[in-house]
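Required output: the full structure, derived from the provided sequences and hints.
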Amino acid sequence: MSGQTTELLRFTTAGSVDDGKSTLIGRMLYDSKSIFEDQYNAIKVASEKKGEENVNLALLTDGLKAEREQGITIDVAYRYFATPKRKFIIADTPGHIQYTRNMVTGASTANVALILIDARKGVVEQTRRHAIIASLLQIPHLLVCINKMDLVEYKEEVYNQIKADFKEFSSRLDISDIEFIPISALVGDNVVNEGDNMPWYKGTTLMYYLENVHISNDENFIDCRFPVQCVIRPMSDEYHDYRGYAGRIAGGVFKKGDDVTILPSGFTSKIAKIDTYDGEVKEAFPPMSVTMLLEDEIDISRGDMIVRANNQPEGSQDIDIMICWFHETPLQLNGKYTLMHTSNEQVCIVKDIQYKLDINTLHRNEEDKEIKLNDIARIKVRTNKPLFADAYSRNRITGSVILVDSNTNATVAAGMVRN
Amino acid sequence: MSYYLNHLKELESEAIYVIREAVAQFENPVMLFSGGKDSVLMSYLAKKAFYPAKLPFPLMHIDTGHNFPETMEFRDRWVADLGAKLIVGSVQEAIDQGKVKEETGVNASRNGLQTTVLLESIENGKFDAAFGGGRRDEEKARAKERFFSHRDEFGQWDPKNQRPELWNTFNGKKNFGEHFRVFPISNFTELDVWQYLKEEKVDLPMLYFAHTRKCFKRDGVIYSDSDFMERKEGENLEDIQVRFRTIGDMSCTGGVESDAKTLDDIIAEVSMTRVTERGTRSDDKRSETAMEDRKKQGYF
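Line by line, the protein sequences give chains A and B. Here this note's numbering is used: the first residue of the first sequence is 1, the next is one more, and so on. Here this note's numbering is used: the first residue of the second sequence is 1, the next is one more, and so on.
FYI, nobody ran anything at the bench for these hints, they're computed from the structure. Check the hints yourself; a few may be wrong.
Derived coverage of chain B by chain A (criterion: at least 3 residues anywhere in the stretch with Cβ under 8 Å from a Cβ of chain A; other residues may be distant) [claimed, not checked]:
| id | region |
| --- | --- |
| 1 | 2 to 11 |
| 2 | 19 to 27 |
| 3 | 188 to 197 |
Each pair of labels, with its calculated beta carbon distance range [as the list claims (entries may be wrong)]:
| id | chain 1 | residue 1 | chain 2 | residue 2 | range |
| --- | --- | --- | --- | --- | --- |
| 4 | B | G177 | A | N365 | 41 to 47 Å |
| 5 | A | N334 | B | F154 | 34 to 40 Å |
| 6 | B | D265 | A | E125 | 48 to 54 Å |
| 7 | A | V281 | B | S271 | 28 to 34 Å |
| 8 | B | F154 | A | N384 | 34 to 40 Å |
| 9 | B | M72 | A | H240 | 35 to 41 Å |
| 10 | A | G122 | B | A108 | 55 to 61 Å |
| 11 | B | G177 | A | K167 | 49 to 55 Å |
Over 10 Å on every C-beta distance to chain B, these chain A residues come out as not near it, computed from the model [stated by the list, open to error]:
| id | residue |
| --- | --- |
| 12 | D174 |
| 13 | E179 |
| 14 | G188 |
| 15 | W200 |
| 16 | Y209 |
| 17 | K256 |
| 18 | S269 |
| 19 | I298 |
| 20 | E314 |
| 21 | Q317 |
| 22 | K380 |
| 23 | T383 |
All C-beta atoms in this analysis are idealised placements derived from N, C-alpha and C, irrespective of residue type, glycine included.
Below, the structure is given as structure tokens:
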């Protein structure tokens, strides 16, 4: 693609109902001129109907009927905007604890977590919970926006205190990159434009951060992982012997000629060709979708994984995972669930519940083993066949699993493989 | 060494991944196709996904009978090029058979009738998944959609019961009689679609490009003259140079005055435009929650 150098950045926004998150998003869209006129007119009319004085930018993101009636966000809403530098996907997620599952969903593919704090309230339970989830989901970059600075007279001391409180809490978390910005979503200071109200602040605006945060190293380019999605066999005259393994590179850089091993069988071969519709590629890296052809005729099917011979994930039937529980029916010790890992599917039994994580204190509660909706816990499962997973901290794709209830087909948990 | 994909390539890879995943998880998928730019994009991406094999599923068009003739002509050409099988679900037939009742009056549209025909066509074909070219930026009810969207046995969408989608691991499990709608281009914006089609030099119906045709104006919207709309007193025909940003039925699609004749022109126009793409769709204007309500009934 000649001339196209814009990257794609996905970020989540999380915060309490009253933190002004929706106003912030509305402000970003508005100031970057992404709100189309008729959308703006529609929310103007809706604001007037509700008797509000100012145009409620939050109405821009509250899409569903029930939300607009109650004035809160229920599900994950995806919003899009672009600047000449980047295209952005916002996963706007609810702040309420009863929708933790939706927050985890939006966060799972995010590059950046934007955490909003109300400057009048400082670090609250919500803040801690969202930071912990960001850490658990290994979102590489955390941006803490201290909002409503207009309501604390733009005082630097307030900002510094909150920053210190947050740092004290986050030192216990697994997050390496955290930045802080004081903003006023309502007035606009430091969102897209600097504004005049905080001359003491020497950092960047929110938009500048989003446009420039370095994300190209967030993928794992070291451990080669290629889960096979499906097999392409044209069986036409022109491509009679063509047998390609289609999928998306989950990690590492594959090259033509590489020695590879197929898991779980252990068979070996060499990459004969990495094919795409646009022609052969010499190198394939995440998140490219390609079709691999091997030199040998081996029986490979969906669920298998192609890796480099000298760098293989360990296969194991005993998996140690951190889970977030998504369902009303609690987790059953010794319960059987379907486990989905990339394109692989297994049955697993929950062997042990080690502890429930207290979202506010990070305390590991080893007594309370009842894992309910929205709880976070560390458990051990046993699969019927070996699973070739990586630690989630190394690779978010090959280190993650989901658990499905085979009776209801519901996705009941998100799991992250521990080291 | 810097390994990165630009945003269009990343969106392309994601869509290909979703299409392949649906084919792998479902037994009998079908791809909805209307001849509009989103379904053209989607079927083009499907071609890429399975290259060099043919598409492992048919295309399906829910034909209201109120299409722009230019769209039909394009559809037939495109399908022939793809070497794909085309199934047509006919709203006219359904009306004739008494299965649905046509709206009457000056603002009548066949848009709402499509749902019944769609659900019936899915049932007749025993399809367990239907690909749609819906995008999340199009409309507020679509902003909440999943890539894999579960529909119950009545084809209905319950926003409160959508499954969480994590890390692009899709749970396509279902009970007998249920099906899924799959939206591979969910993360493409309108501008992304145009930019991608331009980069790839993909063919499109000429309606998208500025041309002169006989139109009339109603409630600030420019409609093409057709046999499917009754003109009111005072709605006179004039030759207007228009193009259509979105193509639905002739009876519910408005054009915009434009002289954008090439994809570059269109991209420039869309980048600077003040009105959303679907802002010219009167089917969305029927109520604030028009799309959400239709989706709950089983609309695409």
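Checked hints:
1. Judged by the Cβ-Cβ criterion of 8 Å, the region 2 to 11 of chain B is covered by chain A as claimed, because 10 of its residues qualify and three suffice.
2. With 4 residues bearing a CB less than 8 Å from a CB of chain A, the region 19 to 27 of chain B meets the requirement of three and the coverage assertion stands.
3. With 4 residues having a Cβ less than 8 Å from any Cβ of chain A, the region 188 to 197 of chain B passes the three-residue criterion, so the hint holds.
4. Taken as a hint, the range 41 to 47 Å holds for the pair G177(B) and N365(A), whose Cβ atoms sit roughly 42 Å apart.
5. For N334(A) and F154(B), the hinted distance range of 34 to 40 Å is satisfied, since their beta carbons lie about 36 Å from each other.
6. Between D265(B) and E125(A) the C-beta distance comes to about 53 Å, which sits within the given range of 48 to 54 Å.
7. At roughly 31 Å, the beta-carbon separation of V281(A) and S271(B) lies within the given 28 to 34 Å, and the hint holds.
8. Between F154(B) and N384(A), the C-beta spacing of about 35 Å keeps the proposed range 34 to 40 Å intact.
9. Our hint of 35 to 41 Å for M72(B) and H240(A) holds, since their Cβ atoms are close to 36 Å apart.
10. Checking the proposed 55 to 61 Å range against G122(A) and A108(B) shows it holds: the Cβ atoms sit about 58 Å from each other.
11. The hinted range of 49 to 55 Å is satisfied by G177(B) and K167(A), whose Cβ atoms lie roughly 54 Å apart.
12. Against chain B, the non-interface label of D174(A) holds: every CB pair exceeds 10 Å, the least being about 18 Å.
13. A cut-off of 10 Å between C-beta atoms confirms that E179(A) is not in contact with chain B; the least separation is 22 Å.
14. For G188(A), the requirement that its beta carbon stay farther than 10 Å from each beta carbon of chain B is met, with the minimum near 21 Å.
15. Listed as outside the interface, W200(A) is consistent with that label: its C-beta sits roughly 36 Å from the nearest C-beta of chain B, beyond the 10 Å cut-off.
16. The Cβ of Y209(A) sits about 18 Å from the closest Cβ of chain B, beyond the 10 Å cut-off, so the non-interface label holds.
17. For K256(A), the non-interface assignment is confirmed: its Cβ lies about 16 Å from the closest Cβ of chain B, beyond the 10 Å cut-off.
18. The Cβ of S269(A) sits about 21 Å from the closest Cβ of chain B, beyond the 10 Å cut-off, so the non-interface label holds.
19. Against the 10 Å criterion, I298(A) stays outside the reach of chain B, whose nearest CB is about 19 Å from its own CB.
20. Chain B leaves E314(A) outside its interface by the beta-carbon criterion, the shortest separation being 20 Å against a cut-off of 10 Å.
21. A cut-off of 10 Å between C-beta atoms confirms that Q317(A) is not in contact with chain B; the least separation is 20 Å.
22. K380(A), annotated as away from the interface, keeps every beta carbon of chain B farther than 10 Å; the closest lies near 20 Å.
23. Remark: the non-interface label on T383(A) is consistent with the geometry, its nearest Cβ contact in chain B lying 16 Å away (cut-off 10 Å).
Against the hints set out earlier in the document, no violation occurs for any number.
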